[in-house]
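Novice: Quick note, the sequences are listed as chains L and Z, same order. Sequence positions in the first sequence follow this note's numbering and run 239 to 934. Sequence positions in the second sequence follow this note's numbering and run 22 to 217.
For the record, the hints were derived by calculation from the structure and aren't laboratory data. Hints are supplied without guarantee of correctness; some may be wrong.
To be verified - Label pairs and their in silico Cβ distance ranges: (1) L/L570 to Z/F210: 21 to 29 Å; (2) Z/T209 to L/T851: 31 to 39 Å; (3) Z/T209 to L/K246: 36 to 44 Å; (4) L/G502 to Z/L90: 31 to 39 Å; (5) Z/A61 to L/Q651: 27 to 35 Å; (6) Z/F210 to L/G588: 40 to 48 Å.
Stated by the list, open to error - Quick look at which bits of chain Z chain L covers, simulated, 3 or more residues with Cβ under 8 Å: (7) 28-39; (8) 53-64; (9) 87-101; (10) 140-153; (11) 168-176.
Glycine included, each C-beta is placed from N, C-alpha and C at the ideal position.
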Amino acid sequence: MRDFFLGKLDMKAIPHEWFTILGTVSFIAMIIFVIVLLTVLKRWKWLWNEWLTSVDPKKIGIMYFLVAGFMLVRGGIDAIMIWLQQAISVGESQGYLTADHFQQIFTAHGNIMVFFVAMAFIFGLINYIVPLQIGARDLASPFLNTLGFWLFVAGVVMVNMFFIVGGEYAATGWLAVAPLSGLEFSPGVGVDYWIWSLQISGIGTTLGGINFIMTILKMRAPGMGLWKMPMFTWGSLCSMIMVVTIFPLLTATLALMFVDRYFGAHFFTTDMGGNAMMYTNLIWMWGHPEVYVLMLPAFGVFSEIVSTFSGKRIASYKSNVLGMIGVSVFALSVWLHHFFTMGASANVNGFFGIMTMIIAIPTSVLFFTWIATMYKGRIRLTTPMLWFLGFVVIFAIGGISGVLLAVPPVDFQLHNSLFLVAHFHSNVIGGVLFGIFAGLAYWFPKIAGFRLNEKIGKYAFWFWIVGFTMSFGSLYILGLMGATRRLDNYAASTGWQPLYITAFLGGIVIAIGVALQVVQIIASVVQRRTLADTTGDPWDGRTLEWSTPSTPAFYNFIEIPKVSKIDSFWETKHLHKPKQKFVDIHMPKNTASGIYISIFAFTAGFGFVWHITWLIIVSLIAIIFFTITRTFNENTEYTLKADDVEKLEQDRTKKLEKTKKLAKPRNDDDMGLWEFITFVFNWGLNLIKNKGWKSW
Amino acid sequence: MVASKEMTHEEAAEDRVMFGFWVYLMTDLLMFAVLFAVFAVLRDNTMGGSTGRDLFVLPLVLAETILLLTSSFTCGIGMIAARRGDKNQVLFWFGLTFLLGLAFLSIEFYEFAELIHEGHTISSNAFFSSFFTLVGTHGLHIISGLIWLATILVFVVKRGLNRHMVRKLALLSLFWHFLDIVWIFIFTFVYLGAFA
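Kindly generate the complete structure, drawing on both the sequences and the hints.
Specialist: Written as structure tokens, this is what we have:
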């Protein structure tokens with residue numbers, strides 16, 4: 239009876255270790271804080287109607303950013319914990335973490351950073367920007383978009399759920415290599431949480447991929463042929479085509495792992511004919527291209543930024559696009575370089591080694607188009623441009639170390655060493671994360687209506703660069719000295735400790751950089767009137783998103799623009815514009831179906847983790863029910879009449895006039911760090927003097 | 022192709038959905054590709070136990086194949102009726118498709134039950150793991166297809182054969198033919214392959 243209701247759940251699942259108790263307490267405290275805040279401010283209805291059930295890709299994009307930002311801090315804490323352990327755990331000293339806990343932390347760090355930070359930021363950017371860039375009002379399927387987002391949120395909750403119920407996460411590395419992840423060697427629920435957080439959010443990603451392909455291929459403004467698409471849209475298209483190519487592989491592989499663990503099958507086990515290396519092959523067939531899924535939109539972001547801040551059209555647009563396509567094609571045929579030591583023949587290793595080196599060619603083409611764009615351009619060194627320059631240096635180092643690792647004999651030496659860790663962090667931090675930061679700084683005025691503080695942004699950038707070089711420079715050297723990755727303890731005679739300590743200190747410097755980014759955002763909010771963007775085109779931009787006001791109306795465009803050239807907006811913005819015609823607009827209605835389906839996807843996953851059969855059945859029936867009620871709902875759109883659009887636009891114009899009066903745009907007006915500290919100090923002082931809290 | 026001006030808002034939306042569904046089918050195909058590849062790797066790992074040659078009952082599998090192929094045919098006829106707007110014909114032919122699908126599923130269920138009864142389960146060895154997973158995944162797809170089909174038919178009765186229903190039937194028939202093609206590969210690769 240107990241088994242029927244609770245499955246494998248028992249008292250041991252209740253938090254009892256310091257980190258699970260800490261995690262549980264902080265999550266519950268956060269939830270209570272949010273609940274109290276929403277209730278006091280009477281914002282529940284607003285939250286539900288305006289945000290949670292919204293199908294507006296701009297709002298969904300912002301929600302992606304918020305979740306991703308939160309998870310960046312969560313994954314960042316993991317990183318600092320890893321480095322702290324490694325800095326102090328030498329010889330007799332065992333550090334402050336147990337080996338098992340340490341393994342769970344590096345596993346969680348990898349999963350969170352790839353799935354719930356990088357992917358989320360990239361999806362957020364694509365959601366917000368791509369429809370604006372191609373002149374569309376919304377996505378091909380607004381429902382799939384909200385469903386994809388909420389499935390992603392369900393995955394986020396699942397990956398943190400072990401704090402509250404179960405007490406252990408997978409201790410297997412971020413890809414859960416078999417047979418370690420099998421039932422024989424990982425009998426706990428950690429791997430099951432891993433499977434289901436990835437499975438649920440991965441299905442959301444596939445749906446998102448299908449949706450964006452439909453949107454980009456079918457909903458572009460009239461006249462915008464494929465060869466006139468903005469570079470970020472191209473990068474996103476390549477990335478999404480890769481998503482639909484590889485995420486089914488992940489879904490299938492995770493399903494096989496699940497069948498192994500749940501039904502005792504023998505796909506990846508050591509006995510009864512299972513083949514563990516097959517798991518490694520399958521997971522890397524997904525895992526390698528996955529990095530490029532993240533990288534390609536970032537390439538697109540950089541292309542936009544270089545072009546805008548050099549005041550030139552991208553040099554050789556076609557080479558740039560072909561470079562992105564080339565990277566996507568080759569990315570699918572290099573996965574075996576992750577395990578040259580598997581024991582494949584020299585010819586197989588040789589093939590994959592060469593393919594890996596070849597991928598440097600389209601990447602270099604991209605680099606050269608960017609450099610050629612800057613050549614003789616009028617370069618403005620804004621923060622997005624700084625992130626780009628930082629990317630060029632760090633990504634080049636990461637790329638060169640990658641080509642080095644592509645040589646099988648070299649890889650035999652460096653396999654699983656910190657050199658490898660430093661290599662891929664150079665690419666995912668220097669490439670993807672810097673791309674995200676650059677993109678956020680670049681499009682922030684569009685998203686928020688005011689631009690970010692440039693001064694503090696530059697400080698943040700320099701802390702990031704210095705911190706990154708300290709940490710990962712040390713890891714490159716440590717790797718060459720023979721330090722393998724994922725060590726929770728090492729002998730003092732190795733002489734590695736000073737470098738590990740340097741890496742840890744570098745991590746602290748990066749953390750200061752992150753703190754400065756938070757300060758940057760707060761300072762920008764404080765100065766939002768000074769920094770307000772009243773033109774909609776603060777950077778002298780080139781693509782269609784800058785033709786809309788900041789922030790854009792929920793229908794994006796009053797009239798769908800017509801396109802005739804690359805960088806269409808740039809080419810036509812100085813021409814006299816005919817008066818805009820108001821037309822009827824079809825818009826999708828908000829829906830909560832995505833939320834309901836995701837809730838039950840979560841409970842189904844939870845049931846699978848703990849073997850609670852009734853919960854699984856109930857959840858699956860509920861999922862089918864909500865899917866049917868949604869897909870057979872024929873009333874999912876409404877029409878916004880031309881007169882109403884006109885009224886909305888008049889209101890907007892009035893509001894804009896008001897903002898213009900209040901705005902005092904001067905370029906060097908951004909407050910510095912010292913001014914910010916004085917401001918916060920004075921604000922606090924005022925609050926105490928005037929007993930400002932009483933008015934709350 | 023960019024949604025051209027001649028298309029109405031509705032038509033453009035239908036065009037997008039149809040295209041998106043094709044993309045979805047390709048992702049599903051890739052999932053099956055993984056399962057086929059895994060089966061190819063593990064098919065000989067019977068660890069001394071019974072092989073497919075010992076256990077598969079070909080006449081039964083042939084019956085399954087004929088049922089599913091016929092159901093694809095009736096599905097096609099039903100689709101022609103749907104384009105004509107003939108509600109009764111739609112109900113008849115798709116109803117027949119449903120029954121044929123159900124018959125296919127029953128035989129598959131019987132086959133699995135027999136195997137399990139003889140002690141060959143998913144956890145017996147790697148061959149059976151991959152066999153049950155590959156064929157079972159196809160079966161799960163058939164089940165979801167049947168649920169979907171039944172739901173559409175209920176709504177056709179309730180709401181009539183409107184353009185939404187015709188679109189849904191068009192998507193469903195794509196899905197159904199797709200499952201048919203996958204089955205032909207299972208039939209040749211898994212079942213006939215065992216006797217090669």
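Novice: State for each hint whether it applies.
Specialist: Okay, the hints, checked on the actual structure:
1. Taken as a hint, the range 21 to 29 Å holds for the pair L/L570 and Z/F210, whose Cβ atoms sit roughly 24 Å apart.
2. Taking the beta carbon of each, Z/T209 and L/T851 are about 36 Å apart, inside 31 to 39 Å as hinted.
3. Range check, Z/T209 to L/K246: about 41 Å between beta-carbon atoms, so the 36 to 44 Å window is met.
4. At roughly 35 Å, the beta-carbon separation of L/G502 and Z/L90 lies within the given 31 to 39 Å, and the hint holds.
5. Checked against the hint of 27 to 35 Å, the C-beta distance between Z/A61 and L/Q651 comes to roughly 34 Å, which is consistent with it.
6. In this structure, Z/F210 and L/G588 break the distance hint of 40 to 48 Å, their C-beta atoms being roughly 31 Å apart.
7. With 5 residues having a Cβ less than 8 Å from any Cβ of chain L, the segment 28-39 of chain Z passes the three-residue criterion, so the hint holds.
8. Check result for the segment 53-64 of chain Z against chain L: holds, 5 residues qualifying (beta carbon to beta carbon below 8 Å, three or more required).
9. With a cut-off of 8 Å between beta carbons, the segment 87-101 of chain Z has 0 residues touching chain L; three or more are needed, and the interface restraint is violated.
10. Counting residues of the segment 140-153 of chain Z whose CB falls under 8 Å from any CB of chain L gives 9; the rule of at least 3 is met.
11. A stretch counts as covered by a chain when three or more of its residues have a beta carbon under 8 Å from one of that chain; for the segment 168-176 of chain Z and chain L the count is 3, and the coverage holds.
Of the numbered hints given earlier, the model fails hints 6, 9; all others are met.
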